[in-house]
Every structure is written in structure tokens, then in C-alpha cells.
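A.B. asks: Sequence:
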Amino acid sequence: MSDDRPDDTNDNDPCYVISIAARMIGMHAQTLRYYERAGLLQPSRSSGRRRLYSNADIARLREIQRLIADLGVNLAGVDVFFRMRERLNEIESELEATRRELQRLRDRRLPAPRRD
Numbered sequence: 049m050s051d052d053r054p055d056d057t058n059d060n061d062p063c064y065v066i067s068i069a070a071r072m073i074g075m076h077a078q079t080l081r082y083y084e085r086a087g088l089l090q091p092s093r094s095s096g097r098r099r100l101y102s103n104a105d106i107a108r109l110r111e112i113q114r115l116i117a118d119l120g121v122n123l124a125g126v127d128v129f130f131r132m133r134e135r136l137n138e139i140e141s142e143l144e145a146t147r148r149e150l151q152r153l154r155d156r157r158l159p160a161p162r163r164d
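Under our numbering, the first residue of the sequence shown is numbered 49, with each subsequent residue one higher.
Derived from the structure by calculation, the hints contain no laboratory data. Worth double-checking, as some hints may not be accurate.
Said to hold, decoys possible - Quick list of the computed label-pair ranges, beta carbon to beta carbon: (1) GLN113 x ARG156: 46 to 56 Å; (2) GLU140 x ASN58: 35 to 45 Å; (3) CYS63 x GLY87: 18 to 28 Å.
Remember, it's a predicted structure, so these values are computed and weren't measured experimentally. A virtual CB, placed ideally from N, CA and C, is assigned to each residue, including glycine.
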């Protein structure tokens, strides 16, 4: 997989000011501010309080754009979608932890099968 970013960058590293982020996704900067007020994303802030968007923020904005433009979802629906996805990820993590714990208990309590 080819990646144009240096190895020491992270998708969550803030790197774009609002004008650049807006241009990258074809939205007006005011729309990004509105989405922030609506709670759909939280860009980082510089020491001078300027909004700084990460690659993860850009991806989220593109997803918001797709949900609204392509699927006709309103902002409340976008919020519900993100909350449901976050909760699903939490449940999947809990399930995986439970599976690991169950396997650990099985490994401790059950003898290994003998092969004759």
C-alpha cells in the first residue's frame, strides 16, 4: 500500500487550517464551523485558537458529505449514525475481550486433549 505521508505522521495529527480543509473537500469554511457547532466533529486548536484538521477529520467530513448528499441523511441522522457506529465498535471490543477471557479460562481449567 502506497502512502504519501512520512512514517512519523498519524491520521489524528492536526495539520490543515480550516480554509485548506474546506478546499480539500469542496465545502465552505462556514459549513465546517457549523458541523463543529452541531457536534459532528471536533478539530484540534492551535495555541492561537485556530482550528486544525487532521486526516481523520477530513475523512469524517467526507463521510458526512456522502451521508447528506448521496443518502439524503439530515444532520440529526448523521449524528445518530456516528453514535451508533461508535457504540457498535465499543460492543465489538467488549465481545472480543470476553472471548479472550473465556479462552483464557478454558485454557486454565480444561486439560489439553490427549492424542492416542
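A.B. asks: So does GLU140 sit 35 to 45 Å from ASN58, Cβ to Cβ?
C.D. replies: About 22 Å separates the Cβ atoms of GLU140 and ASN58, which means 35 to 45 Å is violated.
A.B. asks: Within 18 to 28 Å or not, the Cβ separation of CYS63 and GLY87?
C.D. replies: holds, 22 Å
A.B. asks: Quick one: are GLN113 and ARG156 within 46 to 56 Å, going by C-beta?
C.D. replies: holds, 50 Å
The structure is inconsistent with hint 2 alone, although it conforms to all the rest.
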